[in-house]
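Got two chains here, each in a separate frame; can you build the complex from them with the hints?
Next come the chains, spelled out residue by residue.
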Amino acid sequence: MTSSYSYDVLILGAGLAGMRAALAAHAEGVSVALLSKVHPVRSHSNAAQGGINAALTDRGDKWEDHAFETVKGSDYLGDQDAIEILAEEAGQDILALEHMGVIFNRNDEGRLGTRRFGGQKRARTFFVSDFTGQAILHVLYEQIMKAHLVVFEEWFVTSVVKDDHGHCAGVVAFDIRTGGFSYIQAKAVIIAAGGLGRVYEPSTNAMICTGDGMAIAYRVGAPLMDMEMVQYHPTTLKGKGLLMSEAARGEGAYLLNKDGERFMESYAPNMMELASRDVVSRAEQIEINEGRGVDGCVLLDCRHLGKQIIQERLRQICEEAKTFANIDMTEEPVPIRPGMHYIMGGIKTDVHGRCWDLQDKWGGVPGLFAAGETACLSLHGGNRLGANSLLDTVVFGRRAGSCAAAYAKSVEEPKVSNTVAKPDQQTVQDLLNRKNTGDTVAAIRLNLGMTMNHHLGVFRDHEGMIEAQTAIRQLRDRWQQVGIHDKGQVFNTSLVRALELGMMLDCAETIVLGALTRKESRGAHFRTDYLHRDDEDWLKHILLYAQGEGTPRVDFLPVRVTQWTPQVRLY
Amino acid sequence: MHTTFCIKRFNPELDTPVPYFQEYALETEPADTVLDALIKIRESIDESLTLRCSCRGSICGSCGMRINGHAALACKTKVISTTSGEGTVSVEPMNNMPVIKDLVTDMAGFWEKVQQVQPWLQPDAPEPTGEYLASSESMNHLTGVMGCIMCGACVSDCAALEVDQRFLGPAALAKAYRFVADPRDSVGHSRLFELNSPGGMWDCTRCMECIQVCPKGVGAMDRIMALRAKAIDEQVPSTCGSRHAEVFADLIYQKGRLDEPMLAVRTIGLNNMGQLLSYVPTMLMAFARRKVPKSGFFHRALPGIDRIRRLFLKVRDLT
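Heads up: the sequence lines are chains V and Y, in that order.
Each residue of the first sequence is one higher than the last, beginning at 531 in my numbering.
Each residue of the second sequence is one higher than the last, beginning at 18 in my numbering.
One chain only, chain Y, in its complex shape (with noise of 0.2 angstroms):
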C-alpha cells in the first residue's frame, strides 16, 4: 500500500536549526511497523534520517515517538493501524523533552526524575541468608510495573508535565510505587511522605493520557492513584490533594453532587484567604459566561439526597 510519511526533521547543525516536516512517500507491507518503514527511509530515501531503535520487539524502549499526535513504540505500531490504508502518517519526536536531532530526544530530565524518587530497595538490615519471603501475589503483582521499559511515551503525552515541568510524571511515579508495594522495601512511608511533596503525586490531573499511550501496560496514573490512596491509608500530612479528594467524596455524600465553590474553600481551607481570594476573579468570569448553575454560589443538597448516602455507603463498604 502507498502511504506518506509526514516526519517532523531538526538538525541542530543547520545555519538555522529550526524543526520543519518532510514527507517521504513509501510502498509498505499489511505486517510492516512505523519502525520498519522508517528503516526502510533510511536506508532507501534518505540516510541522514535519525532516530533510535534497537530490539524490534518493544523491550528496550528506544524507540519511542509521536505517531499521528500520540506517543508510541515505532517498533509495536503498524503502519497499517494508523491510516486506513492509503494515508498519510505523521510521526514527531517525543513531547515534553529538547529534541537532540529528529525524532531523538534528550532523556536526561527524565532519567533525573526517576533518581529523584531512590528507585532502588531499601530493606531492612541484616539480608537474610537465603530469599525474602514474599507472596506470589505480590510478586506478580509487580511484574505489572516491572514491565515498564523507560521508554518515555507516558511523560511525552503527560498533560500535566506539559505547563509544570516540576511534575515528576508518570514514569518516575509509577518506578516509586514499584517499590511502595514491595514487600521487601522498608522505607514505603517515607518514600509517601516525599512524594506527598509539590511536584509529588497530587499533580497528576488524571487525563489518562499515560494509560492510554503505554505500550507496556503499565498504567502509571493507576499507579499513581494507588500511591495517594496509601498515602491517605498512611495518614501523611494532608495536601491541597489529599484534601480534595476527601472533600469531594463527602460533598457527595453531604449534597449528592458536586459543590465546586465549596470544594475550592475547603481544599483550600479558610486559614489560607490569599489563595483562596485569588480565585475570586475566575470565579467572576465563571459567572460572567454563565458557567454558574442556576441556584448560584451556594449548592443545597439534592432532592432524595437520602437514597443517594446510601448508595454512596453502600459502594464505600464495598471498596
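Bound-form chain V, shown alone (with noise of 0.2 angstroms):
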C-alpha cells in the first residue's frame, strides 16, 4: 500500500526522549515525522520536577562514581555497558541542552549549579528550580518549531505495522480530531511513549500513561523486559497522589514519623532521607503498617530550610502543597506516602535504542527502536535513582535517534498491502457499535488500578499476586464486552480510553507474570515470600514475549556485569 504518509523515520511519542531523538536524526538528514496523541508540550517529561544527574570531570567528579551509584541504586540488576555509556556522555548532552536554551541554574561563578539527589553522594544534579523537565520540554519543542518538523498532533497509534519480511514498516493510527484512519509509512519506528503509570491507582503519572508504546510493542512481537521493576516514589501528596520531588529532600527536607522522629535512621543511616527510592519506600511503608504513621502517611518537613529556599528552589511543589493540600510549606509538614510513579521494564532495547532480542540479533522486529521509559536496557534495572530518568531520556534519545537514522538510509521502503489499516479499522468499529451493557471503561480502569496498588505495590507475595492475575483476566473479559457511549467520530475521548485501557490491561498482565516469575527480593521488586536477594539464580532479566491468546513466552538474559561485582547493599 501506498500510504500519503511516508518518512525515513516515525517517532512515537513527543516528550524529551522522542523530541531528542527526532533532533538526532534531523541532524542526520533523514526525513523525521513525530506523532504524538497530545500536543509535544503536553508530555508527561513535564512532570519531572527535580533535575538531570551527569558528573562532570572539570568539577572534579568522576562518571565511574556516578556509574557506580546507578548500578548499586539498580539493586546490581542495570546492565553496566549501559550505565557507563549514560554516566560517560551525560556531560555532553547536559551541555548541549544548555546550547539549546535551558535556562539550567548557576552558581555564583555563571557555571551550571547543582544539587543533590537521592543515592548519590555527590551534588550531581543540575536543574532549573524544580521544573526542570518541563523547562527542558519547551527547550526541545522550540528546536522542533526551529527545525519545522512534522508532528502529528493528537493522532492515536492502534499498532506497528510489519513487511512480508517481518520488518517494521510503519503504523497504523488515527487522526483523534476526525476520526480518520491512516497508515503511515517509516522505514524506521522509535517508540518513545514514556511509562504506564496510570496501570496503577493512585499514582504520580499523568493520564495519559498507559503504556500503549509498551503494548504494541509486545503485540508485534518485541519483548518487554524486568516489567516487574515498578518504582514507587517515596513523596507523594496525600490525596490524589500527586508528586512532590525528592528536591525537597535534595535540599535537605526531612522525613517524620507521627512522633516526629527521623525514621530513616533505623534504615538507612548513612544516606538518611536521601537513599535510594525503593529503600525510603519501603520505610515509610514499614512506619505507616506498624502504626507510626498519621492517617496513612508520613511527614515530609521543609520548615527548617527557610522560606527563601523554599520559594526559590521548591516553588512548585509548594504551590502544590498549597493548592492540593492547604497547607503551607513553610509553616507545617506535609503528609506524604509512597506512591507509584515509574517503571524500571519496558521494551528491551541495546545501547543504541534497537529493539534487538537474545540473541544479540534483530529476531524480533527490524527497524524497530525504543527509547526513555516505555524502553528498558536496562539502565535503572531494580531501581532507578532520581534525576537520572531525564538522563536516560536525553542519551538515550540521541542515540535511538543517530542509529535509526543510519539503518533508515540503509534499508530499502517498505511494502505492504493495501489493506493495512484495515483490521485495527474494524476493531475500533466493533468497539464503537458495540451494545452498551451498563458496565464503564472508567470503571474496569478504577479496578485495575486500585488491584495493581494493592498487590503489586511496596510488598508483594505470591497469593496476592495470583489473585490480581484472576482479576486482570476478569477485567479483560469486561473490557471485550464493554460498550461506549459516545459514537461520533470527531474527538472521541471515550473511544481512545477504552483502546487505552487494552493497553494498560497487556501491560498489567506482564507485571504480574514478571513479579510472579520473580522469586527473590531485589529493588522495588519486594516479595514477603522471597526476602533477600539472590544473585545466584536471579542476576538476570525477565523476558516476556506475547504468544497470541496464549500465555506469554518467558525468557531469561544474564546481566551484564563489567566492573562492579555485586555486594551487599546498604545506605
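Worth flagging that the hints you see were computed from the coordinates, not collected in a lab.
Treat the hints with care, as some may be off.
Only pairs whose alpha carbons sit at most 27 angstroms apart, straight line, appear in this in silico BS3-like list of lysine-lysine [stated by the list, open to error]:
hint, chain 1, residue 1, chain 2, residue 2
1, V, K891, V, K965
2, V, K965, Y, K57
3, Y, K57, V, K770
Every value quoted in this text rests on a predicted model; they were computed, and no experiment measured them.
Structure representation (C-alpha cells):
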C-alpha cells in the first residue's frame, strides 16, 4: 500500500526522549516525523521536577562514581555497559541542552549549579528550579519548531506494521480530531511513548501514561523486560498522589513519623532521607503499617530550610501543597506516602535503542527502536535513581535517533498490502458498534488500578499476585464486552480511553507475570515470601514474549557486569 | 456539597451543530477541583462530555477552559472557590479560538503566533566548549517566564485579541521576552524590531486580564511592558505605540494632567492628517455627550505645576 505519509524515521511520542531522538535523526539528514496523542508540550516529561544527573570531570566529579551509584541503585540488575555509556555521555548531553537554551540554575561564577539527589554522595544534579522537565521539554519543542519538523498532533497509534519480511514498516494510526485512519509508512519507528503509571491507582503519572508504547511493541513481537520493576516514589502527596519532588529532600528536608522521629536513621543511617527510592519507600510503608504513620502517611518537613530556599528552589511543590492539600510548606510538614511513579522495565533495547532480542540480533522486529521510560536497556535495573530518568531520555533518545537514521539510510522503502489499516479500523468500528452493557471503561480502569496498587505495590507475595492475575483476566473479559456511549468520529475521547485500557491490561499482565516469575527480593520488587536478593539464581533479566491469546513465553538474559561485582547494598 | 455545572457543549457531528448549555447536578467534596468534577460527570453521568486533561497538577496545560467567565486550568480551580457552597458553576471552552468539540479548542492559531516570534535561542556562533556563562540572577529571572505552560488562558481572555485577531497575543509575546531577556541570545535587537510592527507589542491594551487569569504567574502583560521599555531604550523606530507612551509622560510633565486631544495629535503626528481627521467624528460625539472637560479642547497646565514637575522628576530618577 502506498501511504500519503512516508518518512525515514517516525517517532511515537513527543516527550523528551521522542523530541531528542527526532532532533538527532533530523541532524543526520533523513526525513523525520513525530506522532503523539497529545501536543508535544503536554507530554509527561513535564512532571520531572528535580533535575538531571551528570558527573562533570572539570568539577572534580568522576563519571565512574555516577555509574557505580546507578549500578548500586539498580540493586545490581542494571546492565553495566549501558550504565557506563549513560554516565560517560551525560556531560555532553547536558551541555547540548544548555546550548539549545535550557535555563539551568547557575552558581556564583555563572556556571551550571548543582543540587544533591537520592542514592548519590555528590551534588551532581543540574536543575531549573523544581520544574526541570518542563524547562527542558519546552526548549526541545523550540528546537522542533526551529527545524520545522512534522508533528502528527493528537493522533493515536493502534499498531506497528510489519512488511512481508517481518521488518518494521510504519504504523496504523487515527487522527483523534477526525477519527480518520491512516497507514503512516516509515523505514524505522522509534517508540518513545513514556510509561504506564495509570495501570496503578493512585499514581503520580499523568492520565496519558497508559503504556501504549510497550503494548504495541509487545503485540508486534518485541519482548518486554523486567516489567516487575515498578518504582514507588517516597514522597507523593496525600489525596490524589501528586508528586512532591525528591528535590525537597535533596535540599535537606526531613522525613518524620508520628512521633516526630527521623525514622530513616533505623533504615539507612548513612544516607538517611537520601537513600535510594526503593529503600525509603519501604521504610515509610513499614512505619505506616506498624502504626507510626499519621493517617496513612508520614511527614515531609521542610520548615527548617527557610522561606527563601523553599520559594526559590521548591516553588512548584510549595504551590502544589498549597493548592492540593491546603498546606503552607514553610509553616507545616506535608503528609506524604509512597506512590507508584515509574517503571524500570519496558521494551528490551540495546545501547543504540534497537529492539534486539536474546541472540544479539534483530530477531524481534528489525527497524523498531525504543527510548525513554518505554524502553529497558536496562539502565535502572531494580530501582532508578532520581534525576537519572531525564538523563536516560536525552542520552538514549539521541542515540536511538542517530542509529534509526543510519538504519533508515541502509534499507529500501517497505512494502505492505493495501488493506493494512483495515483490521484496526474494523476493531474500532466494532467497539463503537457494541451495545452498552451498563459496565464502563472507567470502572474497569479503576478496578485495575486498585488491584495493581494493592497486590503489586511496595510489598508483594505469591497469593496476592495470583489474585491480581485472576482479577486482570476477569477485567479483560469485561473490557471485551464493554460499550461506549459516544459513537462520534470527532475527538472521541471515550474511544481513546477504551483503547488505552486494552494497552493497560496487556501491561498489567506482564507486570504480574514478571513479578510472579522473579522469586527473590531485589530493588523495587520486594516479596514477603522471598525476603532476600538471590544473585545465584536471579542476577538476570526476565523477558516476556506475547503468544497471541496464550500465556506469554518467558525467557532470561544474564545481567552484563563490567566492573562492579554485586555486593550487599547498604545506604 | 451540591453543585450544578452548567457546561457549554458543542458537537460538530449533530445535524444542526450549534453550541448549547447542559446542566449536570453533582455532589462534590471540598477538596475537588473543577477537573475532578468534570471527570466525575464524564465517568458517572455523561461519557460523551469531551475535554482535554492529563497531569492533574497544573503543569501540562491541557485543561484550559473558562470557569465562571474567566479562563483557568480546571485542575487548579477548586469547586469551592467558584461557588459559595451550593451553587452553579459555568464551564465553557476558551475564547479567541475555534471550538472543536465541547471544551476542546483548536490551538493551531495559538501555536502559529508562537512560531512567529522565532522562539528558539539564537546565540552568537561558535558555541563555547563548556556552558555559556550567565549570571544566576538572569537565569532565575527567566524561570518566571519559562514557567509558562502554554495553556492558552491568557490568549482566551485577551481583550485586544477579541477585536483584532492579528495581535500576537500575550503568550507569544511573553515567549519573545524569554529570548530578549536571555543574555545568551544575540538577536534581541532584531527581535524588538520585529515586535515593533503592527500586531506586535504595542497592540496590548493593558487590560491586565492575562495577568489575572494566568495559572502560573507568568505576568504576560508585565513582560510586554518590559519589551516596550527595552524597545524605547534601544531606539527601535518610533511607532504610534511608543510615541503614545512618550507623549503621555511629556504631557504630564508639561501640564500635570492628560491632555487627550494633544495626546492624539502628537502621537499620530501632523504629517498624518488623514488619520487625524478620522478621529474628528469621535471627538464631536464625545463633545455632544459632554465627555469634554469644561475648559474645552485646549488644556492648560494645572495650578501648582512646579510641584508636579518636581514630583515627576523625582519619580523618573527613581525608576
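Here is what the structure says about each hint:
1. V:K891 <-> V:K965: Cα-Cα ~46 angstroms, so violated.
2. V:K965 <-> Y:K57: Distance ~22 angstroms between V:K965 and Y:K57 Cα, so the pair holds.
3. Y:K57 <-> V:K770: At roughly 14 angstroms apart (the allowed maximum being 27 angstroms), V:K770 and Y:K57 satisfy the hint.
The structure fails to meet hint 1 from the earlier list, while all remaining hints are met.
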